[in-house]
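**Q** Below, each chain spelled out in residue letters.
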Amino acid sequence: MDRLKVTIGNLELKNPVTTASGTFGYGREYADFMDLDRLGGIFVKGTTLEPREGNDYPRMAETASGMLNAVGLQNKGVDYFVTHIYPEIKHYDTAIIVNVSGSTIEDYAACAEKLIDLEKIPAIELNISCPNVKEGGMAFGTSAASAARVTQAVRKVYPKTLIVKLSPNVTDITEIARAAEAEGADAVSLVNTFLGMAIDAESRKPLLSTVTGGLSGPCIKPIALRMVWQVYHAVNIPVIGMGGISNWKDAVEFMLAGATAVQIGTYNFIDPTVSIQVIEGIKNYLNRHNLHTVSELIGKLEI
Amino acid sequence: MLDFLVRSNEQLNSRNHLLKVSPSTGEKLPPMYPGQFVQIRVEDSPSTFLRRPISIHFVDEKANEMWLLVQKIGEGTQKICAKKEGSLLNMIFPLGKSFSIPDDTETKTVLIGGGVGTAPMLFLGRVLKESGFSPDFLLGGRSENDLLQINEFEKYGTVYCTTEDGTKGEKGLVTHHSVLQKKKYDFIYTCGPQPMMMAVARYAHENNITCEVSLENLMACGFGACLCCTEKTKNGNVCTCTEGPVFNIKELTWID
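Going line by line, the protein sequences match chains A and B. Take the first sequence: its letters are residues 1 to 303, numbered as in my numbering. Take the second sequence: its letters are residues 1 to 256, numbered as in my numbering.
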């Protein structure tokens, strides 16, 4: 099994296949479908310092090969996570990574601090890229200066593995990635959703209560892949790739573009067992291509 | 998650199909309860990317069959309705919470359905009858053609109908049917278009009748992961797929 192992900062993943925040709940939601211990890791639902109710319904619209969402970080807050959810999920034998979000830099830092002592949470993913909240979220991820400030503030208080999740809604994603790296991020993950919208032509109304929302699914894959490739060449820290992965081939493509690990997101809704199939597919690929370890794939795009 | 074999596909009218399906492996269906639903995977295509939630219309345990009443609303449901006998449908099931069955079999129950919203009422009616209740059905549609499976409903209780054009039963909306004046009900179950359910909920509230509604909020996953199908309740935003789709109207923010 060791041939599938990858390393992100101080964090060892048993394989490069993880599930994306906001698409996998706290893992428990998928326990009926699979053995969660087989996953490389689980990025749990976006967590904030205070509880959040999220946006009004409707929060979802199906689009060509994808979907828009406008959930808006609905969660019960970090204290509830620590006291109620963590005890229920800490026995999973996989890396559980908490996605941390906030409206202010102080929120991010305070939320991260509350997670340090949780033995089975080896890393956090800073969400500076949520397009569905009025304050904070993506605002921090769309300029290098603010991305640097929030990374720096959290790095100061959080000693474990720090991953920064980047927004694709920027002119040059490599600039943001470099800013996060310079302030001590151990890895970057990309991409979060693309800002999009959908309209009902008959009623002339938007399909989402918030008018705009985040686009995900196979439709974003080519753009996500391009961004992973660009960022891989711009930074020296590991890149975690995501964006429309729906099978093992997509995952291998992201790794060839430079991803050390991948996250599977929206496709979990269509096939809740997809991540397990991706792990099996990668194993077969290694055998067919006579590769000893999955790390031999990283960034091996031949141009 | 399981593949189901389509054993029959009957077109009931221009918009609705009745599909009878069984696990393709031959395994026995697990326990399922009225009000629960399935998430059907549509053949992959760009425009039918997500699964389609469909409520369980009936379960025939002897035949190991589940019945689904599917209305052709968009491309996804059209593809499901086009499935021929012998083809496969992948489903995540059973999902959601069911209607509640009162303890006292003297409880007077009426099951109010509108259009394809009558679907879960057949399964519920049978379970109520088998549990010792004498349920009534009040089914509404735009015209006679919209009233589905009346013969099936009649097996489990008295059926009252309304149509907006007066082609069958009383003319008008379900909430105006005279049986609601004549009989005193203790428990209303309802499923149908949102305006109809809201009118039924208001009627139930005003007359101090317990009422459960089955919501059809848009959803992506169906099992509590995406947080898209939330309904605003007195306990905050909750997932319709896991906390519902059946809610007591007291939990909702529809009335006060």
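If you are wondering where the hints come from, they were derived from the structure by calculation, not from laboratory data. Don't take every hint at face value.
[Unchecked claim] Pairs of lysine-lysine residues, derived as DSBU-like cross-links and limited to a Cα-Cα distance of at most 35 Å, are as follows:
{"#": "1", "chain 1": "B", "residue 1": "Lys62", "chain 2": "B", "residue 2": "Lys168"}
{"#": "2", "chain 1": "A", "residue 1": "Lys14", "chain 2": "A", "residue 2": "Lys156"}
{"#": "3", "chain 1": "B", "residue 1": "Lys108", "chain 2": "A", "residue 2": "Lys205"}
{"#": "4", "chain 1": "B", "residue 1": "Lys232", "chain 2": "A", "residue 2": "Lys120"}
{"#": "5", "chain 1": "B", "residue 1": "Lys62", "chain 2": "A", "residue 2": "Lys205"}
{"#": "6", "chain 1": "B", "residue 1": "Lys97", "chain 2": "A", "residue 2": "Lys90"}
{"#": "7", "chain 1": "B", "residue 1": "Lys168", "chain 2": "B", "residue 2": "Lys108"}
{"#": "8", "chain 1": "B", "residue 1": "Lys97", "chain 2": "B", "residue 2": "Lys79"}
{"#": "9", "chain 1": "B", "residue 1": "Lys79", "chain 2": "A", "residue 2": "Lys90"}
{"#": "10", "chain 1": "B", "residue 1": "Lys84", "chain 2": "A", "residue 2": "Lys221"}
[Stated by the list, open to error] Far from chain B, some chain A residues (derived; all Cβ distances over 12 Å):
{"#": "11", "residue": "Tyr92"}
{"#": "12", "residue": "Val157"}
{"#": "13", "residue": "Lys205"}
{"#": "14", "residue": "Thr273"}
{"#": "15", "residue": "Ser295"}
Glycine included, C-beta positions come from ideal geometry on N, C-alpha and C.
**Q** Between Lys62(B) and Lys205(A), does the CA-CA distance stay at or below 35 Å?
**A** violated, 47 Å
**Q** For the pair supplied as a hint, Lys84(B) and Lys221(A), confirm whether the alpha-carbon distance does not exceed 35 Å.
**A** holds, 33 Å
**Q** Taken at face value, is the distance from the CA of Lys156(A) to the CA of Lys14(A) at most 35 Å?
**A** The given pair, whose Cα atoms are some 28 Å apart, holds under the 35 Å limit.
**Q** When you look at the beta carbon of Val157(A), is every beta carbon of chain B farther off than 12 Å?
**A** holds, 28 Å
**Q** Should the label of Thr273(A) as a non-interface residue stand, given a Cβ cut-off of 12 Å to chain B?
**A** It is violated; Thr273(A) is separated from chain B by about 7 Å at its closest Cβ, not greater than 12 Å.
**Q** At 12 Å, judged by beta carbons, does Ser295(A) keep clear of chain B as stated?
**A** holds, 30 Å
**Q** Assess, step by step, whether the Cα of Lys232(B) is no farther than 35 Å from the Cα of Lys120(A), and give holds or violated.
**A** holds, 33 Å
**Q** Next pair to validate is Lys97(B) with Lys90(A); report whether the Cα-Cα distance is within 35 Å.
**A** Answer holds: Lys97(B) to Lys90(A) is near 27 Å, not above 35 Å.
**Q** Take the C-alpha atoms of Lys168(B) and Lys108(B), compute the straight-line distance between them, and say whether it is at most 35 Å.
**A** Given that 35 Å is the threshold and the Cα spacing comes to 25 Å, the pair holds.
**Q** Lys62(B) and Lys168(B): Cα distance at most 35 Å?
**A** holds, 33 Å
**Q** Could you grab the alpha-carbon distance between Lys79(B) and Lys90(A) and see if it respects the 35 Å cut-off?
**A** violated, 42 Å
**Q** Need the status of pair Lys97(B), Lys79(B): alpha-carbon distance at most 35 Å?
**A** holds, 27 Å
The structure fails to meet hints 3, 5, 9 and 14 from the earlier list, while all remaining hints are met.
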